Amino acid sequence: MQRSKISRGVLPGVLAACATLAGCSAWQPPQAWEKGTLARPDMSMGGDALSQRFEQHIYSSKENASGGYGVGGGGCGCN
Amino acid sequence: MNPSRSMSRRLAAMLFGATILAAAMPSAYALDPGQSLPIASVAGSDANTVPLVDGKARATYIDFWASWCGPCRQSFPWMNRMQDKFGAKGLRIVAVNLDTKRADAQAFLAQLPAKFDLGFDNGGAVARQFGIRTMPSSVLVGADGKVIAVHHGFREEAEAELEQRIAEALARP
Chain A
1 MQRSKISRGV LPGVLAACAT LAGCSAWQPP QAWEKGTLAR PDMSMGGDAL SQRFEQHIYS
61 SKENASGGYG VGGGGCGCN
Chain B
1 MNPSRSMSRR LAAMLFGATI LAAAMPSAYA LDPGQSLPIA SVAGSDANTV PLVDGKARAT
61 YIDFWASWCG PCRQSFPWMN RMQDKFGAKG LRIVAVNLDT KRADAQAFLA QLPAKFDLGF
121 DNGGAVARQF GIRTMPSSVL VGADGKVIAV HHGFREEAEA ELEQRIAEAL ARP
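Heads up: the sequence lines are chains A and B, in that order. Under this note's numbering, think of the first position of the first sequence as 1, with each following residue one higher. Under this note's numbering, think of the first position of the second sequence as 1, with each following residue one higher.
The shape of chain A in the complex, shown without the other chains (with noise of 0.2 Å):
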């Protein structure tokens, strides 16, 4: 059976590359109480609160998004 070389390479290198990545398991995303700095003002990227929450309230009628513009601020507190 001819095999290339790049064939050849290919299962042993995934297999080194699920060891590596099955260390990620461990990676967990920020927990609710540890989002802190992200709740700092200059770390939201909108500029204007109001112009934020109208963009906001156009994603989460249209799409039914939501989070993923700060932290900490007006509403439930929730993301």
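It cannot be assumed that every hint is accurate.
What the hints assert, rightly or not - Cβ pair distances, simulated, as ranges: (1) A/Thr20 to B/Pro51: 42 to 48 Å; (2) A/Ala65 to B/Asp54: 40 to 46 Å; (3) A/Pro41 to B/Ala47: 30 to 36 Å; (4) A/Ala26 to B/Pro113: 26 to 32 Å; (5) B/Glu156 to A/Thr20: 22 to 28 Å; (6) A/Leu11 to B/Ala158: 53 to 59 Å; (7) A/Ala26 to B/Gly90: 42 to 48 Å.
Unchecked claim - Chain B side only, calculated, beta carbon under 7 Å to chain A, not exhaustive: (8) Arg5; (9) Ser8; (10) Gly131; (11) Arg133.
Stated by the list, open to error - Here are a few chain A residues that sit away from chain B, every Cβ distance over 10 Å (derived from the structure): (12) Glu34; (13) Asp48; (14) Ser60; (15) Asn64.
Simulated from the structure, these hints should not be mistaken for lab results. These numbers come from a predicted model, not from an experiment. In this text, a Cβ means the ideal position worked out from N, Cα and C, and glycines have one as well.
Please build the complex by placing chain B on the supplied structure of chain A, with the hints as guidance.
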């Protein structure tokens, strides 16, 4: 293509995909009604311990807050009102702070003094055991030390509902 070569490629792709999925799985924990609390007490402000369930209160409202959390600023006056209103009927409020810096919490408390017990959980160990995923979160515990309800977030619109739940918990025999 050589069949064994494509087989090993397919196997490699499946292995890779499975690992990615396994790595992406978040671990979830939630406190269900009827469960007991995972922790009995938290640290107090000065090297003392504050019990979460003191055995005397008919209902305990455990709130997890932080100085940087906007809705927490709204919840403190409400919690003060609840303590005033239901304290004599056996309500005990314990607010566990999750700030990493005590100074932040003290600055918050200087502006919004608390009429209830305060706990301090610096590293988030208590919050993790409670499965907190929103700031603020609150757990209403009955006289038997079992969870009645968990509430995520805080909004003015939800105040009446929360007060209703507290009143019902206190009315239980």
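Verification of the hints:
no.	hint	verdict
1	A/Thr20 to B/Pro51: 42 to 48 Å	holds (45 Å)
2	A/Ala65 to B/Asp54: 40 to 46 Å	holds (43 Å)
3	A/Pro41 to B/Ala47: 30 to 36 Å	holds (34 Å)
4	A/Ala26 to B/Pro113: 26 to 32 Å	violated (41 Å)
5	B/Glu156 to A/Thr20: 22 to 28 Å	violated (49 Å)
6	A/Leu11 to B/Ala158: 53 to 59 Å	holds (55 Å)
7	A/Ala26 to B/Gly90: 42 to 48 Å	holds (44 Å)
8	Arg5	holds (5 Å)
9	Ser8	holds (5 Å)
10	Gly131	violated (10 Å)
11	Arg133	holds (5 Å)
12	Glu34	violated (7 Å)
13	Asp48	holds (17 Å)
14	Ser60	holds (15 Å)
15	Asn64	holds (18 Å)
Of the numbered hints listed earlier, those contradicted by the structure are 4, 5, 10 and 12.
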